[in-house]
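Number of protein chains: 2
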Amino acid sequence: MNSAYQQLLEKVYEIHDIEKAIQVLSWDKETNMPAAGNTARVQQMTTLRRLHHRLFASDEMGELIEAAATALNGASPDSNEARLIRYLRRSYADERKLPEEFVRRLSQVSGAAHPAWVQARAENNFALFRPHLEQVVALAQEMAELYGYEDEKYDPLLDKFEHGMKTAEVRAIFAAVKTELKPLLTAVTARANTIDDRFLHQQFPVAPQQEFARYAATAVGYDFSRGHLGTVVHPFATSFSRDDARITTRWNPDFLNAGLFGTLHESGHAMYEQGTAPDLARTPLARGTSSGIHESQSRMLENIVGRSRGFWQAHFPRLQALFPAQLSGVTADDFYRAVNKAQPTFIRVEADELTYNFHIILRFELEQAMLNGELAVADLPGAWRGKMQELLGVTPPTDTAGCLQDIHWTRPSFGYFPTYALGNLYAAQLYEAAIQQNPAIATDMAQGNPASLVSWLREKVHRHGRKYTPGELIIQATGQPLSHEPFRRYVTAKFGELYGLS
Amino acid sequence: MNSAYQQLLEKVYEIHDIEKAIQVLSWDKETNMPAAGNTARVQQMTTLRRLHHRLFASDEMGELIEAAATALNGASPDSNEARLIRYLRRSYADERKLPEEFVRRLSQVSGAAHPAWVQARAENNFALFRPHLEQVVALAQEMAELYGYEDEKYDPLLDKFEHGMKTAEVRAIFAAVKTELKPLLTAVTARANTIDDRFLHQQFPVAPQQEFARYAATAVGYDFSRGHLGTVVHPFATSFSRDDARITTRWNPDFLNAGLFGTLHESGHAMYEQGTAPDLARTPLARGTSSGIHESQSRMLENIVGRSRGFWQAHFPRLQALFPAQLSGVTADDFYRAVNKAQPTFIRVEADELTYNFHIILRFELEQAMLNGELAVADLPGAWRGKMQELLGVTPPTDTAGCLQDIHWTRPSFGYFPTYALGNLYAAQLYEAAIQQNPAIATDMAQGNPASLVSWLREKVHRHGRKYTPGELIIQATGQPLSHEPFRRYVTAKFGELYGLS
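Protein chains in written order, with the numbering used here: chain A, 926 to 1427; chain B, 926 to 1427.
Okay, chain A solo, but in the shape it has when bound:
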């Protein structure tokens, strides 16, 4: 291999290893670390983040990238090498915009905000979190200025999670989603009592819940021999390599859905990382291309597969055998209907497919308002309640069930939330294309077997890692840029059938 490129790779490997080490420290922080260990852990993570930044943003790195680019001149633009250089040029330019002092401050502010948020949430006391959130908002504003922008301050932050997407585009898509879903949601809410989901709210011992969740994750394609399932308060997936892509779940002994669908959701994320091509390993291309496409994989497994009728016709007997008393007299179809009951609720992560996007639209609007200085942090709880009433017609009784429910604002990661809703739209579009390209997928899915769908995803999405931008990937895979139409068709058909709407 070309020696300038090889020299670049050696440096890329080193930087990548540090990034993964930070993720291991973060995983451990969430899964095993005693709360008392937080101060030292934040110091350790801050040191590694500074080192990472120092190596990546160095003059040397810029020279290595350009020397490799020159040496590779003439390589196919679609080669791994050319794609890596394209990605590095972009992310290097971004990284150079952040002073090391800012990176340190970012790590420290987030490190201190997290335990404050945990306590504020546990005690339903927004005042404990407020000063931290004020710092986080200030950091997000500073970061936007450091990166720079042409149109909106939110753009450069969004771009870190969904490269190439503009705030205005998201706003337009969300406006269409809102307009089109409202009548469906109203019709469904009017017929809410046609679905009974009370049997989901019983005592479900955790051990058999875990057993079934592991079984279900395996059934949808998660490879435990290259993974691990941990227990946490706030579930996430992470990967340290394609051969060590982990999931986490929280187990609710009173409610089956949280652990079950949470596991499937995180399995979807981890399968994306497990499926990246081996020849991308140890480079920044060896991961999902954007938060939105990542979320499309988790929502695909959680909802399009995990909340499908075929899946439960195939697997419900096994679940019933683990909970014979709780699920006595319940049929596979009862279960399918119950786990799809749609209704306005307070908590995003427990929301159904129909109301979920409204939770996102709320956050998308509020975080822009805070970023732009139109909403003071002190006024967030009230603004949250107002928006919930406006969008979903309900008002959370506490801030814990309101603006304190999510971990995201312990970091200045504004721009992350909208990618959840984009993930729903990407997922529906990918699924429609998959079935069009290979109709056997629909038949397999009706029999509860997602293997052919997962094969299609591996081929069209997973293996490419971050070689393509999300915009390029969705066109390659589906022939179309992102559209909200497939999602509208998907929920209209599914919930129309579930609620007997014409």
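None of these hints come from the bench; they were simulated from the model. Model, not experiment: these values are computed from the prediction. It is possible that part of the hints are untrue.
A pair counts as met if it fits within one copy or between any two copies, since identical chains are not told apart.
Unchecked claim - Here are the simulated lysine to aspartate or glutamate pairs, DMTMM-like style, with alpha carbons at most 20 Å apart:
no.	residue 1	residue 2
1	Lys-954	Asp-1148
2	Lys-936	Glu-1026
3	Lys-954	Glu-944
4	Lys-954	Glu-1070
5	Lys-1078	Glu-1275
6	Lys-1419	Glu-1059
7	Lys-936	Asp-1304
8	Lys-1091	Asp-1331
On the provided structure of chain A, position chain B as indicated by the hints.
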């Protein structure tokens, strides 16, 4: 604070954070990582080790140390500042002797040797491990030459674990131990059937084992709010800060001792780290001063406390309540006697207090022979069996129960094993001094309450971290340099009483 010293501290913190990050990656590797993740993990750890070395062995570091030393001229030699500089000068000089390329090779060889050893051990196939061990021995030889030595090649390796101790000193102590223990062991073996320990070998479900082990660890002083108990194949303790000092245990459903005494053992290690003074935090002084002194704390908790009559008179009823069927009709005194049954066996970590040191002497002799080129790796299995027969009068039926039983030789950490036996001697000497200085400790111990002993250890050992060398520490705490006499007195009294010897 003096600004040259402050500058040094900033660099020391950074280097310390990287070292702790490596330990987090190592902990995760042992506790959670799927086997498939090993390749990437070894790369990540190797990168961090190279970075650590690069920062620590830099010219800049040497200049910072000397500038701070000059600026501090006149500070009390017993101040934290002066002690830190003394320690840094020594370890910096050592680190400078290792080329970065050697550090990388060390990490890679050990990283590959570990899974090979796991497989060789599982399959009782020494040939699988042999080529790795050959590389490890070659690295140890290379390391000894890089560090340099005056008398023996083993000296510089031993010094990394027990600073200031010479191989010849250890050899003399071990010769005395061997001479003095042999007659006692012979007498005890002749009366082996006076103690019945069969009830320890039954089915003991793991969940109540864990419950009791957590209770017992708390009873001896391990602080779970600043710790964590993990499950592993090869138990160890580790600390990421004084507020996050962890223990690990393996649980054997057929035998009570492994999980129970293993937990107490690792608690002793972790309590040492939890007890280091807060003002040493984030520096290399914030840890146990040597492997031998560290082991004295684990053996103190495991044996002198955990295998004492007083401890079981106080706590046996609770254990019995957890295992009413298995321990029916067993008295606290029966239990005390059973967990102290002394007999030659194959496995070091399950050995009693009397035979344990013989397991160490065997390893001490064999690793010197390999290091000095007097024993070829290919001949190790036979040499092991021969020495076992010579020292303990038994021959292991397999290499898994022989030379493949320990993890240590997956790394070139020759010099580590002898510190286990030194730990036994240090422990007895510290315990004798503690009782002399505060006779109430003996009374408390007779009632199963180690709190006053632990207080003494915190004051005399734990809080000092690595401020003093092991040689300095043992004199400060006990008034004497290391001697094997207290250990001889301890085992003679204890086993004399247990076996009715005159």
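Going through the hints against the structure:
Proximity of Lys-954 to Asp-1148 under the C-alpha cut-off of 20 Å is restricted to the inter-copy arrangement: shortest distance 18 Å between copies versus 24 Å within a copy. Proximity of Lys-936 and Glu-1026 under a CA criterion of 20 Å is satisfied inter-copy only: 16 Å between copies versus 22 Å inside one chain copy. For the identical chains of this complex, Lys-954 and Glu-944 are neighbours both inside a copy (15 Å) and across copies (17 Å), given an alpha-carbon limit of 20 Å. Taking the shortest Cα distances, Lys-954 and Glu-1070 never come within 20 Å of each other, neither inside one copy (31 Å) nor across copies (40 Å).
Proximity of Lys-1078 to Glu-1275 under the C-alpha cut-off of 20 Å is found in neither arrangement, the shortest distances being 31 Å within a copy and 64 Å between copies. Within a single copy, Lys-1419 and Glu-1059 get their C-alpha atoms no closer than 42 Å, and across copies no closer than 64 Å, so neither meets the 20 Å cut-off. With identical chains, the CA atoms of Lys-936 and Asp-1304 are never at most 20 Å apart, being 46 Å at best within one copy and 42 Å at best between copies. Taking the shortest alpha-carbon separations for Lys-1091 and Asp-1331, neither the intra-copy value of 24 Å nor the inter-copy value of 58 Å comes in at or below 20 Å.
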